[in-house]
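If you want this note's numbering, it's the 1-based position in the sequence shown plus 18.
Calculated directly from the structure, the hints in this document are not laboratory data.
Check before you lean on any hint, since a few could be wrong.
As a list, the in silico BS3-like pairs of lysine-lysine whose alpha-carbon atoms are at most 27 Å apart [stated by the list, open to error]:
no.: 1; residue 1: Lys118; residue 2: Lys99
no.: 2; residue 1: Lys60; residue 2: Lys162
no.: 3; residue 1: Lys156; residue 2: Lys108
no.: 4; residue 1: Lys69; residue 2: Lys111
no.: 5; residue 1: Lys128; residue 2: Lys110
no.: 6; residue 1: Lys99; residue 2: Lys71
no.: 7; residue 1: Lys156; residue 2: Lys176
no.: 8; residue 1: Lys99; residue 2: Lys75
no.: 9; residue 1: Lys110; residue 2: Lys127
no.: 10; residue 1: Lys176; residue 2: Lys108
Since this is a predicted model, take the numbers as computed values, not measurements.
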Amino acid sequence: MKQADRSHLTGGIIMAKYRKLSRTSSQRKALLRNQVTNLLYKGRIVTTEAKAKEAAKIAEGLIALAIRERNNFDEVSVQAKVAVKDADGKRKKEVVDGKKVTVYETIEKKIRKDQPSRLHARRQMLKVLYPITEVGAKKRETRKADLVAKLFDEIGPKYDGRSGGYTRIIKIGQRKGDGAMEVVLELV
Numbered sequence: 019m020k021q022a023d024r025s026h027l028t029g030g031i032i033m034a035k036y037r038k039l040s041r042t043s044s045q046r047k048a049l050l051r052n053q054v055t056n057l058l059y060k061g062r063i064v065t066t067e068a069k070a071k072e073a074a075k076i077a078e079g080l081i082a083l084a085i086r087e088r089n090n091f092d093e094v095s096v097q098a099k100v101a102v103k104d105a106d107g108k109r110k111k112e113v114v115d116g117k118k119v120t121v122y123e124t125i126e127k128k129i130r131k132d133q134p135s136r137l138h139a140r141r142q143m144l145k146v147l148y149p150i151t152e153v154g155a156k157k158r159e160t161r162k163a164d165l166v167a168k169l170f171d172e173i174g175p176k177y178d179g180r181s182g183g184y185t186r187i188i189k190i191g192q193r194k195g196d197g198a199m200e201v202v203l204e205l206v
């Protein structure tokens with residue numbers, strides 16, 4: 019069926035499946051990725067109504083994926099070599115054959131090993147979410163936030179018994195500059 023042949027199904031108008039938001043596809047994708055990332059990281063964002071509706075669709079899909087795959091892992095014990103540290107938090111060193119060598123100890127750790135479907139879900143989420151760097155007071159306190167782990171460990175269990183409707187849009191009025199309807203998009 020050609021595009022012209024399907025026009026009778028929609029009353030002569032070819033309907034789009036998503037809002038274009040007056041942007042090119044790469045700009046639109048970047049904007050929505052940024053908004054979804056901030057929504058999941060902070061819990062709420064302020065944006066226009068059209069952008070909020072598009073971002074909510076993407077966020078709801080990610081949350082549904084997190085709920086479906088949240089318990090799909092195996093606990094595995096592994097041996098790990100860890101550097102021994104002194105009271106100041108610096109690595110202990112000892113002299114071996116005239117060279118300073120770091121001292122290591124072997125410990126047993128329990129880690130979560132994703133099953134294939136959860137690994138696939140993790141990669142699908144990483145395709146959408148931007149990496150977030152949490153900045154501390156000092157340079158060494160700066161670290162990367164793991165939003166995928168937050169989706170699996172916090173957000174997924176929170177909405178476990180719920181079948182959809184993980185976000186809420188609250189209208190807050192028109193923007194002064196251009197009169198666009200501003201809304202708050204938040205996780206329920």
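Hint by hint, here is what the structure shows:
1. Lys118 with Lys99: 18 Å, holds
2. Lys60 with Lys162: 15 Å, holds
3. Lys156 with Lys108: 18 Å, holds
4. Lys69 with Lys111: Outside the cut-off at roughly 56 Å; violated.
5. Lys128 with Lys110: Distance of about 25 Å is within 27 Å: holds.
6. Lys99 with Lys71: Violated. Lys99 to Lys71 sits at ~48 Å, over the 27 Å cutoff.
7. Lys156 with Lys176: 33 Å, violated
8. Lys99 with Lys75: The given pair, whose Cα atoms are some 44 Å apart, is violated under the 27 Å limit.
9. Lys110 with Lys127: 21 Å, holds
10. Lys176 with Lys108: The given pair, whose Cα atoms are some 39 Å apart, is violated under the 27 Å limit.
When each numbered hint is compared with the structure, violations occur for hints 4, 6, 7, 8, 10.
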